[in-house]
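Chains as they are written, first to last, in this note's numbering: chain A, 1 to 353; chain B, 1 to 300.
The hints are simulated quantities; they were obtained by calculation from the structure and are not laboratory data.
Being a predicted model, the structure only gives us computed values, none of them experimental.
There could be a bad hint or two in this list.
Pulled a few chain B residues facing chain A out of the computed Cβ check, cut under 10 Å [to be verified]: (1) Glu70; (2) Ser73; (3) Lys74; (4) Lys77; (5) Phe88; (6) Leu95; (7) Pro142; (8) Leu145.
The following label-pair restraints were derived from C-beta to C-beta distances [claimed, not checked]: (9) A:Val18 - B:Lys129: 51 to 59 Å; (10) A:Val174 - B:Asp276: 34 to 42 Å; (11) B:Tyr141 - A:Lys5: 33 to 41 Å; (12) A:Val18 - B:Trp139: 35 to 43 Å.
Here a beta-carbon is modelled for each residue, glycine too, at the ideal position from N, C-alpha and C.
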Amino acid sequence: MRIFKELIKNKLAMISLVFLSLFYLGAVFADFFSPYPYHVDDIEYLWSPPTRIHFFDFHKRIFFRPFVYKYKFYIDQYYRRIYYEDRSKVYPIKFFVHGFKYKLLGIIETDLHLFGVSGTKLFLLGADSKGRDLFSRILYGSRVSLSIGLIGASISFFIGILVGAISGYFGGRVDNVIMRLVEMMMMVPAFYLMLALRASFPPNLSSTQVYLLIIVILSFIGWASIARVIRGMALSLRERDYIYAAKVLGVSDFKIIFRHIIPHTFSYALVAIVLSIPGYILGEAALSLLGLGIQEPQASWGNLLSSALGIVNIKIFPWILTPGIFIVVSSMCFYILGESLRDILDPKKKISI
Amino acid sequence: MKLLQVEKVKKYFVHKRKVVRALDGVDLFVEEGQTSALVGESGCGKTTLAKVVVGLYPPQAGKIYLKGEEITSKRNKAFLRRNVQMVFQNPYLSLDPRCTIFFSLYEALSIFTKIKKKEAVPFLEELLKSVELPESTLWRYPHQLSGGQLQRVCIARSLINNPSLLILDEPTSALDISTTVKIIDLLLKIQEEKSVGFLFISHNLKLVKHLAWWVFVMYYGKIVEFAPKDLIYKNPLHPYTKLLLDATTLKLKDIPESTLPERGCRFFSRCPYKKDMCLKEPTLIEIENNHFLACYLKRK
Numbered sequence: 001m002r003i004f005k006e007l008i009k010n011k012l013a014m015i016s017l018v019f020l021s022l023f024y025l026g027a028v029f030a031d032f033f034s035p036y037p038y039h040v041d042d043i044e045y046l047w048s049p050p051t052r053i054h055f056f057d058f059h060k061r062i063f064f065r066p067f068v069y070k071y072k073f074y075i076d077q078y079y080r081r082i083y084y085e086d087r088s089k090v091y092p093i094k095f096f097v098h099g100f101k102y103k104l105l106g107i108i109e110t111d112l113h114l115f116g117v118s119g120t121k122l123f124l125l126g127a128d129s130k131g132r133d134l135f136s137r138i139l140y141g142s143r144v145s146l147s148i149g150l151i152g153a154s155i156s157f158f159i160g161i162l163v164g165a166i167s168g169y170f171g172g173r174v175d176n177v178i179m180r181l182v183e184m185m186m187m188v189p190a191f192y193l194m195l196a197l198r199a200s201f202p203p204n205l206s207s208t209q210v211y212l213l214i215i216v217i218l219s220f221i222g223w224a225s226i227a228r229v230i231r232g233m234a235l236s237l238r239e240r241d242y243i244y245a246a247k248v249l250g251v252s253d254f255k256i257i258f259r260h261i262i263p264h265t266f267s268y269a270l271v272a273i274v275l276s277i278p279g280y281i282l283g284e285a286a287l288s289l290l291g292l293g294i295q296e297p298q299a300s301w302g303n304l305l306s307s308a309l310g311i312v313n314i315k316i317f318p319w320i321l322t323p324g325i326f327i328v329v330s331s332m333c334f335y336i337l338g339e340s341l342r343d344i345l346d347p348k349k350k351i352s353i
Numbered sequence: 001m002k003l004l005q006v007e008k009v010k011k012y013f014v015h016k017r018k019v020v021r022a023l024d025g026v027d028l029f030v031e032e033g034q035t036s037a038l039v040g041e042s043g044c045g046k047t048t049l050a051k052v053v054v055g056l057y058p059p060q061a062g063k064i065y066l067k068g069e070e071i072t073s074k075r076n077k078a079f080l081r082r083n084v085q086m087v088f089q090n091p092y093l094s095l096d097p098r099c100t101i102f103f104s105l106y107e108a109l110s111i112f113t114k115i116k117k118k119e120a121v122p123f124l125e126e127l128l129k130s131v132e133l134p135e136s137t138l139w140r141y142p143h144q145l146s147g148g149q150l151q152r153v154c155i156a157r158s159l160i161n162n163p164s165l166l167i168l169d170e171p172t173s174a175l176d177i178s179t180t181v182k183i184i185d186l187l188l189k190i191q192e193e194k195s196v197g198f199l200f201i202s203h204n205l206k207l208v209k210h211l212a213w214w215v216f217v218m219y220y221g222k223i224v225e226f227a228p229k230d231l232i233y234k235n236p237l238h239p240y241t242k243l244l245l246d247a248t249t250l251k252l253k254d255i256p257e258s259t260l261p262e263r264g265c266r267f268f269s270r271c272p273y274k275k276d277m278c279l280k281e282p283t284l285i286e287i288e289n290n291h292f293l294a295c296y297l298k299r300k
């Protein structure tokens, strides 16, 4: 509770918290917010630029609801599609419209969407090479990218804390064996380890399998460094008098670890978890960018960026970089949040309550 | 039969490639329902001995018997836990700051008796009353209590499974004088009611006067003198005991040396009466009735 109170005081942390909640809301209600399904392509709108939203038409008449024009294209002398607005007809943007069917939260079947246009297409952030709406794809992609961060970090922390606490508490030979193992894990550069692990599995897996695989790979890489730090904390914690007292009373080692060692590492772990989440988001993005992660037509922020690999594409269709902005902003929010949590949980600052 | 019998216990630590002889053949005993006091300046191995007796450190050599049963082996671990408990030096550190007093006590209680949390409440309230604490203490966290209150909780916790021996490792050194007196009174009351044997460890010979039957004086891993209380206070024989009794006048100016003489009497470098024969280490010998001494001073 105290943590939350102090978080509210910290403006930067609050801003990042708001951003993150928006992102996660977007991920949970992706079907509701997105006007189109992530996989429906449209040959009429290949590489369509972001649709301009108007309030005045070109006779300077005001409309009381935003509207768009239909986009048409001609082929120029380089055989490129040049899109232009066909201003003969106005298509107002409607809110709470009926569109494609989906299951809200996986339970309630509905076809309600936040906004939509009938008669033409609305691309808030443009379209990709197959004419799919980038905005919808980013929303759907955030489900993968943001959940991998949370789940991956939780799993590797679960393993790391458990292994670290056992290693530090028992010390001696157990500690030696576990720590040599951890060092072996840490010696291999993370990115190569990630690629090698991915390469050791068949390439033609279903998207769910790939999703789980990425989580496993990222957690497998992440736990070692956490185990090392927690082990150090456990080493100093086990010399505390209350641990000795529990031992003398006859409390079993298992209970001592879970009741008296691990809870004392939580404040560190909370900060470290938050700070490590961007690593998982970036890890997934890196794998998907190289085509080893989430496969088309499934979307993730990483594989959305893969269409922006060529410099020519970026120059002509700059809007395909927007998933990158989402990655940067969400990572930055996690970092800021983690740093402020660290400041709040710093035991030296506790005196000022 | 003695309640606790410690025989020639040795415990060496290796520190920076030097061997520290924390315990170098210590003999000690506690009679049933009585108090033995172990006295010595800080760093002389008192706490190490306590930790060896409760089984936190395995001894390198020597044997420890409780009611005639050897407790150094792993076989008797449950017997040891049940019968020997310890109160630590610093009450602020010996309770988990994240647990309520109730949980700390319940944890201790649930080791040997299967009891549900709700059912344990009246028992624990009664227990707190017996150490003169209000029932509401049960739901406090350690940081909400004072040092004296915390030490009472620790004493209550150590008594929860009715041990026959309680090791008190300087239980009052972190407390002020008036609290110290109250805690000592409480301990005396508990001993009278439950006839628990105490091994009271202290650096203060004067404090020990109030509750000890036997007093053991320790100097750097060895017992140098032991006798019933009256003999020690009326007729201290070892120069170190004399020094301790005069400690208030601050005659202990010279700092204890970390490097002890390789051979001979351990007190050699600080002893005002040292002789050539002291280079051969003296053994504990009964000088007069029940008065044991490891010094050549009183020998013929």
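Each hint, compared with the structure:
Against a cut-off of 10 Å between C-beta atoms, the interface hint on Glu70 (chain B) is violated, since the closest Cβ of chain A lies about 18 Å away. Interface restraint check for Ser73 (chain B): the shortest CB-CB distance to chain A comes to about 16 Å, outside 10 Å, so the restraint is violated. Of the supplied interface hints, the one on Lys74 (chain B) is violated, with its beta-carbon coming no nearer than about 13 Å to a beta-carbon of chain A, more than 10 Å. This hint holds: Lys77 (chain B) has a C-beta 8 Å from the nearest C-beta of chain A, less than the 10 Å allowed.
Residue-level restraint check for Phe88 (chain B) holds (minimum Cβ-Cβ distance to chain A is 5 Å; threshold 10 Å). Interface restraint check: Leu95 (chain B) against chain A, minimum CB-CB distance 6 Å, threshold 10 Å, status holds. The criterion of a C-beta within 10 Å of any C-beta in chain A is met by Pro142 (chain B), whose closest approach is roughly 9 Å, and the hint holds. This hint is violated: Leu145 (chain B) has a C-beta 14 Å from the nearest C-beta of chain A, more than the 10 Å allowed.
Between Val18 (chain A) and Lys129 (chain B) the C-beta distance comes to about 52 Å, which sits within the given range of 51 to 59 Å. Checked against the given bound of 34 to 42 Å, the beta carbons of Val174 (chain A) and Asp276 (chain B), roughly 51 Å apart, lie outside it. Our hint of 33 to 41 Å for Tyr141 (chain B) and Lys5 (chain A) is violated, since their Cβ atoms are close to 19 Å apart. Between Val18 (chain A) and Trp139 (chain B) the beta carbons are some 37 Å apart, a value that agrees with the proposed interval 35 to 43 Å.
Violated hints for the displayed structure, listed by number in ascending order: 1, 2, 3, 8, 10, 11.
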